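Chains as they are written, first to last, in this note's numbering: chain A, 442 to 765; chain B, 442 to 765; chain C, 683 to 1054; chain D, 683 to 1054.
Keep in mind the hints are simulated off the structure, nothing from the lab. Check the hints yourself; a few may be wrong.
[Stated by the list, open to error] For lysine-lysine, the following DSS-like pairs were computed, each having C-alpha atoms within a straight-line distance of at most 25 Å: (1) K660(B) / K644(B); (2) K743(C) / K978(C); (3) K644(A) / K660(A); (4) K690(C) / K978(C); (5) K690(C) / K966(C); (6) K978(D) / K690(D); (7) K866(C) / K491(A); (8) K693(A) / K644(A); (9) K456(A) / K835(C); (10) K758(D) / K866(D); (11) K966(C) / K985(C); (12) K693(B) / K693(A); (13) K690(C) / K743(C); (14) K693(A) / K668(A); (15) K743(C) / K1003(C); (16) K456(B) / K835(D); (17) K978(D) / K743(D); (18) K743(D) / K729(D); (19) K693(A) / K660(A); (20) K743(C) / K491(A); (21) K693(B) / K1030(D); (22) K835(C) / K866(C); (23) K1003(C) / K729(C); (24) K866(D) / K491(B); (25) K622(B) / K456(B); (26) K491(B) / K835(D); (27) K693(A) / K1030(C).
Small disclaimer: the values here were computed from a predicted structure and weren't measured.
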Amino acid sequence: MPTLTLLQAVNDGLKSVMRTDPDVLVFGEDVGLKGGVFLATEGLTNEFGKERCFDTPLSEDGIIGTAIGMAMNGLRPVAEIQFQDFIFPAFDQIVSEAAKLRYRSGGQYTAPMVIRTPYGGGIRGGLYHSQSGEAYFAHTAGLKVVIPSTPHDAKGLLIASIQDPDPVLFMEPKALYRSVKGEVPEDVYTVDLSTLRRVREGKDVTIFCYGAMVPVVEKAATQAAAKGIECTVVDLRTLLPLDEDGVLEAAKSTGRVVVVHEAPRFCGYGAEISALIAERCIEYMEAPVKRVTGFDTPFPNTLEHHYLPDDRRVLDAIEQTFEF
Amino acid sequence: MPTLTLLQAVNDGLKSVMRTDPDVLVFGEDVGLKGGVFLATEGLTNEFGKERCFDTPLSEDGIIGTAIGMAMNGLRPVAEIQFQDFIFPAFDQIVSEAAKLRYRSGGQYTAPMVIRTPYGGGIRGGLYHSQSGEAYFAHTAGLKVVIPSTPHDAKGLLIASIQDPDPVLFMEPKALYRSVKGEVPEDVYTVDLSTLRRVREGKDVTIFCYGAMVPVVEKAATQAAAKGIECTVVDLRTLLPLDEDGVLEAAKSTGRVVVVHEAPRFCGYGAEISALIAERCIEYMEAPVKRVTGFDTPFPNTLEHHYLPDDRRVLDAIEQTFEF
Amino acid sequence: MDTTELLKVIEPDGATPGFDTDLSDAELVHCYRTMLAVRAFDDVCMKLQRAGRIGFSIPNKGIEATQVGAASAIDKTDFLFPSYRDFGMALYHRVPPVEMMHNMFGNELDSAHGRQMPVHFSFVDPIRLYSISSPIGTHIPHAVGAAHAFRLKGEDRVCLVSFGDGGTSSLGFHSGLNFAGVWKAPVVFLCQNNGWAISCPSEEQTASEGYAIKAKAYGMPGIVVDGNDLLAVRQATSDAVARARRGEGPTLIEARTFRMGGHSTSDDPTRYVPAELLEEWGRKDPVTRFQRYLEKEGIWTAKLEEQLTAEVSAEINAAAKVAEGTGQPGLETIFSDVYADLPTHLRKQGEFLFDLTARRGDAAAGDGAFPL
Amino acid sequence: MDTTELLKVIEPDGATPGFDTDLSDAELVHCYRTMLAVRAFDDVCMKLQRAGRIGFSIPNKGIEATQVGAASAIDKTDFLFPSYRDFGMALYHRVPPVEMMHNMFGNELDSAHGRQMPVHFSFVDPIRLYSISSPIGTHIPHAVGAAHAFRLKGEDRVCLVSFGDGGTSSLGFHSGLNFAGVWKAPVVFLCQNNGWAISCPSEEQTASEGYAIKAKAYGMPGIVVDGNDLLAVRQATSDAVARARRGEGPTLIEARTFRMGGHSTSDDPTRYVPAELLEEWGRKDPVTRFQRYLEKEGIWTAKLEEQLTAEVSAEINAAAKVAEGTGQPGLETIFSDVYADLPTHLRKQGEFLFDLTARRGDAAAGDGAFPL
Ligand SMILES: Cc1ncc(C[n+]2csc(CCOP(=O)(O)OP(=O)(O)O)c2C)c(N)n1
Ligand SMILES: Cc1ncc(C[n+]2csc(CCOP(=O)(O)OP(=O)(O)O)c2C)c(N)n1
Ligand SMILES: [Mg+2]
Ligand SMILES: [Mg+2]
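Same shape as in the complex, but just chain A (with noise of 0.2 Å):
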């Protein structure tokens, strides 16, 4: 089995899947002959030609709204946003009719679409081209909100999200881009959207995290494990429609938690993880349900390293929710 950086994991799934697909084809800003600003469209155009993969004017607005009227004529577009700080032009498109097109049409028309869109900080972007909007769309019905972490799941996911026959916003963590790497199968395999992936196993504080903060969380419970804290990890990977099970399942069974992501924390995902265990599982909690998060701030350029998350912070509040 090759391994791959999450990138490659991407291209390699695009590809496998118009390999096998006719249907499948790939649009967005500059993700033909330049391959996309991060390469992950690198050679579809070459291998598939320019009807299958191709640039469009710059709006994306258009790239959702032409997407969401192939997709109900037997295409399955993958639709690129460029960065998700310029998925915004788009939110009509996507929360108005991608997401709502099936349940007001009775099911006769519908939106099998997937938008790929890079997300999140770490490469001195500032305030528009380091967000992370996973909330805004979270909370949208009839939508699907993917995130990988691996590039085993990066693949899978992607092609599972490209045979859903709903819309699936598939964000993926630029700042694990090249930073990541991991065994790939070659063929085409498919990862269940709505499971959870139960990273590492400890009995005391349990961790909710997904996307670029995974490997940060990882870091921290391998601190905090030397500490004497052992730590489960779950990786949501899909945000919506969440494996509730799950979570409540891998909260009660330490009774501590704290849930980790970059976006600011309020109103953030983080919130919905804490509010179904304070609604389903309070009276296992033996402490607080912290959360880790960016600040309530538009997102900064140099001071980055301040905003994000980091393993000391997420140590500090392991501790503290041991220790509580």
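Take the given structure of chain A and dock chains B, C and D with the ligands to it, following the hints.
For chains B, C and D with the ligands alone, kept in the frame of chain A given last:
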């Protein structure tokens, strides 16, 4: 003091402040001669002329985008979005621009403006004339989010919002426009943003709510009282920045909490209230923190009375929380 | 053909000098009958709304020729993306009025299970008529994507997408037309310029000289046509459809017409529509104009009129009766169709609601077991 | 004036037959010096980026005449809304290069406190140069709103807003130009058609015949000008500014030019830019063209060149040195300017971070007390 409906209070708030501050102007679709589809801006064009209250082309992006430009040049624009459901074409302008302008320019440019918009169900409006999108905006640092539930607050909070140095999303519960009445002072007055309103005091269960859910919760609290359960009812009225200390205090005072809103539950605003409690005062909780909300679906039409939380659903939650 | 001159075929007196239609007499009668049906459907809905039996409707009066003329230019295998003010498009393609009425009542036979407001139709049969959305203009790029898919899949089909003068200010208009131009997508854009976007007149909507000229921004032809002249609208649309089928790309058609009623049943147009304008356009009534044409052609007779009027009125009244007598959607329709499969959290929410209504003794709860 | 013919003033050899400039010799030299400064600023930033001393820059080579020509047509009391590729607009209006360098390094003297990426300037003095945003096109309606505010407040000021060919596909372009047309706002739209939106060539951006023609969709004049001809750009912009001041409304100017470098320091244009095109446009270099003109006018001398080059190079190198030597923003800048006043939850988050960094012994923490 005259007795006004909430709708009249909004209209009166606009007129009062326009009379005293020549920089305040109102625009949006159909706000001029027609007076707005709900008549919130009735009479403004007549009294203040077409330069201070005018219709715009059909583009929410344009309405908010130009409002930002006016706001940074000494005007105090009050932009109307006809239904909150139609705010999404302007999502980019609100989230990327209005909310982040002060930050990204180090305070050199600011956008003191108000976006007024009717929200919520209860008028048989189906998917696109019923939504409650507060969670999308409350996750956005730099923005303020205000929702009144009484005529007095509607006028006072609206004027405070217009005078505020930062952009404010002012969501008006359309279900209450004509159904609630109350005394409203004639002059210009303000109700401070980021303050709660304690609607009712009780030692047993604390209920957090806002907007159109306030009268529903009040009704349920009255029924609960008849059954011997005394509720504290808190109208949050400013969702962002929230008076967190006030929330925690009210939660601690009873140790039992129910959160109510009509928006979908998953990643809804209620999750943040639950999360705050789970993080900051879980040790005071004697019962799970329950949420009574809309379902995680688009908003239906014929069956909206089943979708919307009513006093019965709230009462159920109060009883379960009390009896836990 | 690319003109800012108004395309017109039928003279006020019904004459069509130098024009020969490709429609058979039966087809011409179907067009006329459809316009009468629109008017009847409109009237019935207005009355139902005034009586509080449905919640809402959208008047179509004055626009019938645009709707029917344009719809007549596309085939059943094509794809229609109408606006909410397009009763005639569905009726022309023989969507049974009762299906439309099910939507007006939001009952259990409504194809959208009563989830949408009235006039938000969705059909796949007898023609693909796209699920109507309230947000203005969002369907325009959908039509472009669908048309592009036809091309990529080698299917000989086109899309006709209709929107209002106000719709041209929307984001979907800009991105849709721009993408269509670049892709040379087989799509026809029909801008129904009916003078108003609710209360906003055209001169406050845009400073451009009409709407057809906006085509220039996207490298496609823009055509202006008399929207109250069924044959002219049909001609312009047929030409554009033919162009699209030939692979030559999209066309923007502006049909100039006038909304003779309020924006909707919630609107009071006397607040903003000048009475003179209403009078002026009243004299240009599209149904009368086409009737005069049919008369000149020897097709129209008083007897035909009587027969058609009786037919459509009976059909539509019957449709309303059936729809009104049909039950409400089941509670499970709140939760179905959010996704293809029901996720756990929605199953739980559904079970909760079934339980609650059962405890309340609410009839709508069914037999107490959540069926999804 | 409304033309799709290319406005040109300076011939390749520097001649300007039949044209008389209103600029004094000193002003002409200032224009030339600004172009040299842009080039020097560009070069220094490229080197700093390659050396890993700044994170990012945007090459301006090839576009200097458009930037400077347009900027020269507005007054200090007006309001500039540039794109990220507009170094020349700031430099022309005498923004000190060191202020720009503070932004390139994101240091504590950066007007945005190091919150933005490099090239996202914001100034209020010596000219209002609007805070640059990364999302494309969003600033266009801001400029329109600002211009409308000038009119409503009776101020004799105009806005100049600049964006790329790709920017014309954005939502802000559509809504901004449409509102400006209806309001007759005193604003000038400058589309810098430099051939590319990152790797997307113009023919895949839109099917329209160039960009100026898009003005027709909004009822305003559209002008095409040779973007490598400083005097032509200045002329077109001056005319448009004069029109705006007279209350006659907005103008769209398309300046045809060419991006002679990559999109940014992260881009490798050899993947997609044909070498022939680069060569062709290299021969049309805007700085050389203006230099020939100045020479013909008897203003340019080799000595002047030497002096100006030395001046700008010294100034910009010194600026870089000062900026690099300036400290990082304080931790409190993460939390300030989110709102006018610091809300409680942000105060708590700030205190948390100060406490954390203090415990870590991180120098950036200051004296340990959160100062806001
Ligand atoms: C994005 C959006 N904004 C506002 C509305 C409210 N609204 C409904 S119809 C309408 C006017 C539409 O005018 P036009 O496009 O001319 O169509 P017409 O009703 O005249 O057929 C408006 C503003 C909406 N539905 N969607
Ligand atoms: C809304 C949005 N989408 C995508 C991007 C990424 N992006 C940055 S610059 C650019 C191309 C802009 O091209 P153009 O407008 O021609 O300006 P130029 O860079 O050529 O000056 C793109 C796609 C963005 N910044 N904003
Ligand atoms: Mg209209
Ligand atoms: Mg460009």
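Hints, one by one, checked against the model:
{"no.": "1", "hint": "K660(B) / K644(B)", "in the structure": "17 Å, holds"}
{"no.": "2", "hint": "K743(C) / K978(C)", "in the structure": "24 Å, holds"}
{"no.": "3", "hint": "K644(A) / K660(A)", "in the structure": "17 Å, holds"}
{"no.": "4", "hint": "K690(C) / K978(C)", "in the structure": "17 Å, holds"}
{"no.": "5", "hint": "K690(C) / K966(C)", "in the structure": "13 Å, holds"}
{"no.": "6", "hint": "K978(D) / K690(D)", "in the structure": "17 Å, holds"}
{"no.": "7", "hint": "K866(C) / K491(A)", "in the structure": "15 Å, holds"}
{"no.": "8", "hint": "K693(A) / K644(A)", "in the structure": "10 Å, holds"}
{"no.": "9", "hint": "K456(A) / K835(C)", "in the structure": "20 Å, holds"}
{"no.": "10", "hint": "K758(D) / K866(D)", "in the structure": "22 Å, holds"}
{"no.": "11", "hint": "K966(C) / K985(C)", "in the structure": "24 Å, holds"}
{"no.": "12", "hint": "K693(B) / K693(A)", "in the structure": "24 Å, holds"}
{"no.": "13", "hint": "K690(C) / K743(C)", "in the structure": "20 Å, holds"}
{"no.": "14", "hint": "K693(A) / K668(A)", "in the structure": "22 Å, holds"}
{"no.": "15", "hint": "K743(C) / K1003(C)", "in the structure": "23 Å, holds"}
{"no.": "16", "hint": "K456(B) / K835(D)", "in the structure": "20 Å, holds"}
{"no.": "17", "hint": "K978(D) / K743(D)", "in the structure": "24 Å, holds"}
{"no.": "18", "hint": "K743(D) / K729(D)", "in the structure": "14 Å, holds"}
{"no.": "19", "hint": "K693(A) / K660(A)", "in the structure": "23 Å, holds"}
{"no.": "20", "hint": "K743(C) / K491(A)", "in the structure": "46 Å, violated"}
{"no.": "21", "hint": "K693(B) / K1030(D)", "in the structure": "20 Å, holds"}
{"no.": "22", "hint": "K835(C) / K866(C)", "in the structure": "15 Å, holds"}
{"no.": "23", "hint": "K1003(C) / K729(C)", "in the structure": "13 Å, holds"}
{"no.": "24", "hint": "K866(D) / K491(B)", "in the structure": "15 Å, holds"}
{"no.": "25", "hint": "K622(B) / K456(B)", "in the structure": "18 Å, holds"}
{"no.": "26", "hint": "K491(B) / K835(D)", "in the structure": "14 Å, holds"}
{"no.": "27", "hint": "K693(A) / K1030(C)", "in the structure": "20 Å, holds"}
The earlier numbered hint that this structure contradicts is number 20, and it is the only one.
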